[in-house]
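Sequence lines, in order, name chains Z and V. Quick note on numbering: the first sequence equals residues 2 to 115 in this note's numbering. Quick note on numbering: the second sequence equals residues 48 to 159 in this note's numbering.
By construction, these hints were calculated from the structure, which means they are not laboratory data. Some clues are possibly wrong.
Stated by the list, open to error - Simulated DEER-style distance windows between Cβ atoms:
#1 113(Z) to 128(V): 36 to 42 Å
#2 16(Z) to 89(V): 45 to 51 Å
#3 52(V) to 23(Z): 34 to 40 Å
#4 17(Z) to 77(V): 44 to 50 Å
#5 40(Z) to 124(V): 43 to 49 Å
#6 114(V) to 108(Z): 43 to 49 Å
Stated by the list, open to error - Far from chain Z, by Cβ distances over 12 Å, these chain V residues were calculated:
#7 62
#8 66
#9 88
#10 107
#11 123
#12 151
Please read all numbers here as calculations on a predicted model, not as lab measurements. Glycine is no exception: its CB is placed at the ideal position from the N, C-alpha and C atoms.
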Amino acid sequence: GAVVSQHPSWVICKSGTSVKIECRSLDFQATTMFWYRQFPKQSLMLMATSNEGSKATYEQGVEKDKFLINHASLTLSTLTVTSAHPEDSSFYICSARGYYNEQFFGPGTRLTVL
Amino acid sequence: LAKTTQPISMDSYEGQEVNITCSHNNIATNDYITWYQQFPSQGPRFIIQGYKTKVTNEVASLFIPADRKSSTLSLPRVSLSDTAVYYCLVGDEDSSASKIIFGSGTRLSIRP
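Chain Z on its own, in the form it takes in the complex:
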């Protein structure tokens, strides 16, 4: 099946700094990617839909100025957590929509904000 990668797999940062997470579709082009956040023992929560060449669509309650999403190419979407705080510590997962609208998930990125 199609492969989606994320980088980094984990990151630790100080409070107030910004962190960028990359999501790549390795062997297919994805016009649409999705970003999820998952807290321990909880389900995945959709944060935003990332569309290549246009602005991301954010779910209700997700701050677009806090979580900047850029989808500059058909194989790369980035999520930047700006001015990160400890409550932003979470597991961030991206997915990419394939040619037949199926979704392929990345391995996730563990963010820890100190």
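On the provided structure of chain Z, position chain V as indicated by the hints.
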């Protein structure tokens, strides 16, 4: 987007068949039913997808009754490595506007 309801958790033993049922009473005509598996600190992994009746692949079977208001994921002869969270999702796979909304999932624990 159709909402799904699953048991929060299930326990079973190695070698047993495990059936996880999901309710989706307001499923739409164009919606497919998809099941994902997630291990701790990993992204979800596709297991199986179906629209109606029965679908079988190398890892699982999916049973969908005629009214499509529920579905059952069947895992034959489970092993310890099947301990994971299983998510049932419904959505229009043919629509480029569709997005996957995860429910609570079922935490499956397999014991020796």
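Now the hints, each set against the structure:
At about 27 Å, the CB distance of residue 113(Z) to residue 128(V) disagrees with the hint of 36 to 42 Å. For residue 16(Z) and residue 89(V), the hinted distance range of 45 to 51 Å is not satisfied, since their beta carbons lie about 27 Å from each other. Taking 34 to 40 Å as the suggested C-beta distance range, the pair residue 52(V) and residue 23(Z) conforms, at roughly 35 Å. The given range of 44 to 50 Å is respected by residue 17(Z) and residue 77(V), whose C-beta atoms sit roughly 46 Å from each other.
Here the CB-CB span from residue 40(Z) to residue 124(V) is close to 33 Å, at odds with the stated 43 to 49 Å. The beta-carbon spacing between residue 114(V) and residue 108(Z), approximately 37 Å, falls outside the hinted interval of 43 to 49 Å. A cut-off of 12 Å between C-beta atoms confirms that residue 62(V) is not in contact with chain Z; the least separation is 28 Å. At the 12 Å boundary, the C-beta of residue 66(V) stays outside the reach of chain Z, the nearest C-beta of that chain being 21 Å off.
Not every Cβ of chain Z is farther than 12 Å from the Cβ of residue 88(V); the closest lies at roughly 7 Å, contradicting the non-interface assignment. Separation of residue 107(V) from chain Z is adequate, the least Cβ-Cβ distance of about 15 Å exceeding the 12 Å criterion. For residue 123(V), the condition that its CB be more than 12 Å from all CB atoms of chain Z holds, with the nearest at approximately 22 Å. At roughly 5 Å from the closest C-beta of chain Z, the C-beta of residue 151(V) falls inside 12 Å, breaking its exclusion from the interface.
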